[in-house]
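Produce the entire structure from the sequences given, and follow the hints as far as they go.
At position 60 of the sequence shown (counting the first as 1) the number is 60 in my numbering, and the numbers step up by one without a gap.
Keep in mind that the hints were calculated from the coordinates and are not lab data.
Bear in mind that the values here come from a model prediction, so they are computed numbers and not experimental data.
Any given hint could turn out to be false.
[To be verified] SDA-like, lysine to any residue: derived pairs with alpha carbons at most 25 Å apart:
(1) LYS20 with LEU43
(2) LYS41 with ALA25
(3) LYS41 with PHE60
(4) LYS41 with GLU9
(5) LYS41 with LEU18
(6) LYS41 with LEU12
(7) LYS41 with ALA14
(8) LYS41 with ARG55
(9) LYS20 with ALA8
(10) LYS20 with ASN33
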Amino acid sequence: MIATEATAEVFLTALRALPKEERQAVLSRIVDNEEWYEDLKDLAVFTQRRDEPSRSFRDFLKQREG
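Okay, structure coming up:
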């Protein structure tokens, strides 16, 4: 595990250990931060679409020109 992953795991462990009300307060503050909220939305889309077929950027450009 790299240092970044280890740090993330520590934070997630601490978040899980919080009582529900405190955990919701932390998550609410994360969502209130516009930049972090956008990051969370992007991650949600990536997760939802990860099993969809992909194509190369060149193929995309060819189709777009076509």
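**Item:** Contradicted hints - numbers only
**Value:** Violated hints: none; all satisfied.
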